[in-house]
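S.K.: Listed below are the residues making up each chain.
Number of protein chains: 2
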Amino acid sequence: MWRLYQFPLCPFSRKVRLLLSEKGVGYELWRENPWDASDEFWALNPAGRTPVLHDPEKKTTLCDSRAICEYFEETVDQSPMINGTVKERAEIRRLVALFDENFFTDVTGPLLQERMKKRIVLRQPPDSRRLREAMKMAHGHLDYIDYLIDTRPWLAGSRMSLADLTAAAQISVADYLGGIDWSGHEQSKGWYSVFKSRPSFRPLLSERMEVITPPAHYSQVDG
Amino acid sequence: MWRLYQFPLCPFSRKVRLLLSEKGVGYELWRENPWDASDEFWALNPAGRTPVLHDPEKKTTLCDSRAICEYFEETVDQSPMINGTVKERAEIRRLVALFDENFFTDVTGPLLQERMKKRIVLRQPPDSRRLREAMKMAHGHLDYIDYLIDTRPWLAGSRMSLADLTAAAQISVADYLGGIDWSGHEQSKGWYSVFKSRPSFRPLLSERMEVITPPAHYSQVDG
Chain A
1 MWRLYQFPLC PFSRKVRLLL SEKGVGYELW RENPWDASDE FWALNPAGRT
51 PVLHDPEKKT TLCDSRAICE YFEETVDQSP MINGTVKERA EIRRLVALFD
101 ENFFTDVTGP LLQERMKKRI VLRQPPDSRR LREAMKMAHG HLDYIDYLID
151 TRPWLAGSRM SLADLTAAAQ ISVADYLGGI DWSGHEQSKG WYSVFKSRPS
201 FRPLLSERME VITPPAHYSQ VDG
Chain B
1 MWRLYQFPLC PFSRKVRLLL SEKGVGYELW RENPWDASDE FWALNPAGRT
51 PVLHDPEKKT TLCDSRAICE YFEETVDQSP MINGTVKERA EIRRLVALFD
101 ENFFTDVTGP LLQERMKKRI VLRQPPDSRR LREAMKMAHG HLDYIDYLID
151 TRPWLAGSRM SLADLTAAAQ ISVADYLGGI DWSGHEQSKG WYSVFKSRPS
201 FRPLLSERME VITPPAHYSQ VDG
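Top line first, the protein sequences correspond to chains A and B.
If you're matching positions, the first sequence starts at 1 in the numbering used here and goes up one per residue.
If you're matching positions, the second sequence starts at 1 in the numbering used here and goes up one per residue.
Excised from the complex, chain A in its bound form:
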């Protein structure tokens, strides 16, 4: 059975969990804190990042969330998530990169640093200026999602895709950390609440990271 090395607020692990769940692939969770990674983990992934997916029986180790998603897209037919024409597939991958890189750099990354790492690892108070900046950047990204959802049923087009899973994974971590103000983003909120009610998403929303409590609306489907 696949073992997923992750920690509860890793947005890249959340993307992989959503994909595996949508595709009906079984896995067990294995907690790995990147700030205190084990030698075993470094041996599996020289990049030192979560997620890593490992199956000792198959002697297979998969590293990097995009490489993992492409692997299951190529091996499991159920619920295709990088689908359509080559142009549509390029659009899905463009948006995956936009949320993995820009949203993470602008929003999720700073929130994780200020509200998780400083609390759990560094024992420092958060930098309120950086938090305000991250929340401001989040508004810009939600504006873009509003725009996309105005013109398409799903982020990359007419079907749910890895772009939606990637964006939802990043946003869910930012929302957990109190970084998302949904007011004025009706389209984004509507799109995200559809996700929140999916069976693949429920286990993520019920998990808690030690010490850090999410806002009340975080796990409410109509929140």
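None of these hints come from the bench; they were simulated from the model.
Keep in mind that the hints are not guaranteed to be accurate.
[Unchecked claim] EDC-like mimics (lysine to aspartate or glutamate), calculated; alpha carbons at most 20 Å apart, straight line: (1) A/Lys59 with B/Glu88; (2) B/Lys58 with A/Glu88; (3) B/Lys87 with A/Glu74; (4) A/Lys87 with B/Asp77; (5) B/Lys58 with B/Glu40; (6) B/Lys59 with A/Glu88.
Once you have looked at the hints, place chain B on chain A.
M.R.: Then chain B, alone, in the frame of chain A:
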């Protein structure tokens, strides 16, 4: 014809140029400085990053270097670069991410900041401590390439792949900026000098970024 929006020292654009050249796809270069991007460029790519590939006749815009590479892998049979079994393809994509993310964050990114952006845009002297750190991190990455080349002919296995193009693209920018000390890395140096002599690589090595001069060995095939 495809127009590639890029600047000479963008490692992600270099990866795409190597791939297009290996696959025999024609394109024209279009200079775009990310620190001074045009409105036209932002309209093509809301992520604001190079490379972007645009064909007005085909009405196609491709953003994100990995999405671009996957597109040409799916549409052009010549010189497959994400090839082999699903496990081999996952290994190629793992290494692409390792060099795009870890090598860039540890080495190329800091060098571009200190030796290009501070010189051309910010008009500040480089931070010598950050430069020393980047060069130290480069040694660690070359150690890993040495290890890979000890066990395989190419980085991801028995055939040249996108992993090699990605690593060579990052290293070429770091080498231009004087961040690579090749001493003690015979395997890496041998692997890289094979690249330097490829027709796809020659145009990159003869290009110069204004004001910034590379070290003498940079464009020498046996350097």
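S.K.: When the hints from earlier in the document are held up against this structure, which numbers fail?
M.R.: none
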